[in-house]
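Trainee: Chains as they are written, first to last, in the numbering used here: chain A, 1 to 413; chain B, 1 to 413.
The hints are simulated quantities; they were obtained by calculation from the structure and are not laboratory data. Idealized CB from N, CA, C, for every residue including glycine. Among the clues, some could well be false.
Stated by the list, open to error - Listed below are the simulated DSSO-like cross-link pairs for lysine-lysine, each with C-alpha atoms no more than 30 Å apart in a straight line:
{"#": "1", "chain 1": "A", "residue 1": "K162", "chain 2": "B", "residue 2": "K355"}
{"#": "2", "chain 1": "A", "residue 1": "K355", "chain 2": "B", "residue 2": "K190"}
{"#": "3", "chain 1": "A", "residue 1": "K108", "chain 2": "B", "residue 2": "K108"}
{"#": "4", "chain 1": "B", "residue 1": "K355", "chain 2": "A", "residue 2": "K11"}
{"#": "5", "chain 1": "B", "residue 1": "K162", "chain 2": "A", "residue 2": "K355"}
{"#": "6", "chain 1": "A", "residue 1": "K147", "chain 2": "A", "residue 2": "K190"}
As the list claims (entries may be wrong) - Quick list of the computed label-pair ranges, beta carbon to beta carbon:
{"#": "7", "chain 1": "A", "residue 1": "A23", "chain 2": "B", "residue 2": "A79", "range": "47 to 55 Å"}
{"#": "8", "chain 1": "B", "residue 1": "E8", "chain 2": "A", "residue 2": "E304", "range": "17 to 25 Å"}
{"#": "9", "chain 1": "B", "residue 1": "E350", "chain 2": "A", "residue 2": "Y313", "range": "56 to 64 Å"}
2 protein chains.
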Amino acid sequence: MILTQLGERAKEAAAVLRTASTAQKNAALEAIAASLIEDTSAILEANAEDIAAAREHGMRDSLIDRLTLTAARIEGMAAGVREVAALADPVGEILSGYRRPNGLRIQKTRVPLGVVGIIYEARPNVTSDAAALCLKSGNAVILRGGKEALRSNTAVASSIRKGLCRAGLPENAVALLEQTDRETAARMMKLNAYIDVLIPRGGAGLIRSVVENATVPVIQTGVGNCHVYVDAAADLTMAASVVVNAKASRPSVCNAAETLLVHRDVADKALPLLAKALKEAGVSLRCCERSLPFCEGAIPATEEDFATEYGDYIMAVKTVDSLDDAVAHIARYGTGHSECILTDSFEAAEAFTAKVDAAAVYVNASTRFTDGGEFGMGAEIGISTQKLHARGPMGLTELTSVKYIVYGNGQIR
Amino acid sequence: MILTQLGERAKEAAAVLRTASTAQKNAALEAIAASLIEDTSAILEANAEDIAAAREHGMRDSLIDRLTLTAARIEGMAAGVREVAALADPVGEILSGYRRPNGLRIQKTRVPLGVVGIIYEARPNVTSDAAALCLKSGNAVILRGGKEALRSNTAVASSIRKGLCRAGLPENAVALLEQTDRETAARMMKLNAYIDVLIPRGGAGLIRSVVENATVPVIQTGVGNCHVYVDAAADLTMAASVVVNAKASRPSVCNAAETLLVHRDVADKALPLLAKALKEAGVSLRCCERSLPFCEGAIPATEEDFATEYGDYIMAVKTVDSLDDAVAHIARYGTGHSECILTDSFEAAEAFTAKVDAAAVYVNASTRFTDGGEFGMGAEIGISTQKLHARGPMGLTELTSVKYIVYGNGQIR
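Required output: the full structure, derived from the provided sequences and hints.
Mentor: So, in structure tokens, the structure goes:
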């Protein structure tokens, strides 16, 4: 189908979803979950073809794993859809309401965004996750997945559309773009007449490409060069535990810490302790000149190390002269994702949380908590690292806009 | 100064403003107002040069009027700055706060955006308006005005910077881009490292150019193809009053109505009445085939008329078969700005407000109320017609973002 036609149909579906009741949307989500389970073998067949093709093209094992579906994973996808059904519907909330001196009653009301575009890479589960979140928040969605997962995504999307039909909602509320070439993606990014917002989900290259090429408003997600700063007043036992967790509990994710900053007054005590704990967790260190003598087995850090999101068992280490020095380092190298101070000083905690400009700023807790589930949102569509519209974990609420409804009795100006 | 240097300095200034107290910001606004009054003659001199050059280049009178400053207008600008000082500071508000099962305390806190870029046309008063709103909301601002107003804008900006200095805040919090060529503007639109959001203020051409060229997140403002729909159950006396007000009270602004939609059941009664009232207000009509016989002196409308934002004493008229027909017309031709239904039917009011997708939807009141002042925001930086971040009139709150501050006692995941 041509892209504009897809857009037109999604927009028509969005008009239906805009006024769909919570009960209707939940019934559709239940029907989708049932449909996914029912279609397990068809989805697995399609997935097997994707995997065979990927192996043929020499895809590496970690990516193959992300691409692979199993009956259990499909059950997980269906369970995810049911979990979204159980979440509160954000649409219709009156955010504020007041009467003006001239008698006008103004109600700022939460409404769906309309049509959401999702551009993502080779994880077929994103197809059902994103569709469920968009549907529950009253949005139609146009999905553009990676070439490697096209057969899997097509099978999943077709199962979802079957569920929508059965529940009496338009199947075009969930559309999968079957062309996976770059040109079509580039045209999708400029489809302002039909798409209200684009959310890229994937690596830094994908996100940069969307930000650079899109004229549709974009929500930038997921790049995280996160820091943990061990203040002069830190509890060093707690510091070791939090630093190891922030770095090594899951190094590949965006909320993992990449650089350790240590106040010079405690460097001689903190660094040997932290370096040992990190080493035991399998982390190798790249240290500034002043930190190096205290970190056994570390190698010198280059300027580039501080700018790198390793996504791996590697951590950069720097000794700083003061809290302000730490803040300045974070302002220079950070990506505005998650930043942490470890301290028992009230003043230092206040200063750090006020001065650091990031989606999430932690006092005495691991950066790994920046996550929709951990924040109590139930599910997330991504983590925004921009400041417009949404910042930090994005749940259902972040997939909505507002509308001012104004009631009068003939007021003129 | 080179653009990146300007950006760097603005970013440094934004770091200071981020933690500036309300008292400091208000003192700076008072100092700026005083400075503008003090510099009246210098500003008028610069403005006279702009006007002379504009006349030489054959600028038309209405634009010259928008460019012209007088002592009274400068007093107005200073008064505007003082009004912003009197508004509540949005920064620091805790939007929500809760404790997670693991003891983490999460506080979603309102913070400044950082650096705001404003690209605008030939109204020098925007320079002080925008600077005051950005400053009060804790943002640094980079202003890029039109070539025609460069001398005036430079004088105003220099006066503002003097005020900032006197109040002990960084003068770089308000920067004026002195290069007014298109290439520099295009580079400013891609200055993602320094600018957090771009707000274009001006005509449709300027806004389109920013949307198409910017990689910095944009808030699209001010294009308004607004409709008034006279339902079968409308009070026709009220309808005449509201339609005339919506169209003719100030046709050049974006919240003025452009098209009148009338339900076929009342077309024979409503249209003669409305056409007469509009004619008396100086409005000429362009009618669909079915409306034409009821509107004295009207000419036939073309397809293009319904897509046009006249900004003038012209109105398109269409007879529709039903409320849904009106909603479909609005979905096709509207720009999502302000839409109105005139009706005494509860059901019709409910259906219209639910189905129409626009920033502001009115029942029995003029579209002309879509305005920050009229909505009680005190002042506005523009009217957003996009759905991301802000929709409708944008006041101080819409110039902010959020930050999650998370307090723990050693939590790991």
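Trainee: Compare the structure with each hint and give your call.
Mentor: Hint by hint, here is what the structure shows:
For the hint pairing K162 (chain A) with K355 (chain B), the CA-to-CA distance comes to about 26 Å; that is within 30 Å, so the pair holds. Distance hint between K355 (chain A) and K190 (chain B) is fulfilled; the C-alpha atoms sit about 26 Å from each other, no more than 30 Å. Simply put, K108 (chain A) and K108 (chain B) have alpha-carbon atoms about 20 Å apart, close enough for the 30 Å limit, and the pair holds. Among the hinted pairs, K355 (chain B) with K11 (chain A) is consistent with the structure: their alpha-carbon atoms are about 13 Å apart, no more than 30 Å.
Between K162 (chain B) and K355 (chain A) the alpha-carbon distance is near 26 Å, which keeps this suggested pair within the 30 Å criterion. Only pairs whose Cα atoms come within 30 Å are accepted, and K147 (chain A) paired with K190 (chain A) is accepted, the gap being roughly 20 Å. Checking the proposed 47 to 55 Å range against A23 (chain A) and A79 (chain B) shows it holds: the Cβ atoms sit about 53 Å from each other. Separated by about 21 Å at the C-beta atoms, E8 (chain B) and E304 (chain A) satisfy the suggested range of 17 to 25 Å.
Taken as a hint, the range 56 to 64 Å holds for the pair E350 (chain B) and Y313 (chain A), whose Cβ atoms sit roughly 58 Å apart.
Of the numbered hints listed earlier, not one is contradicted by the structure.
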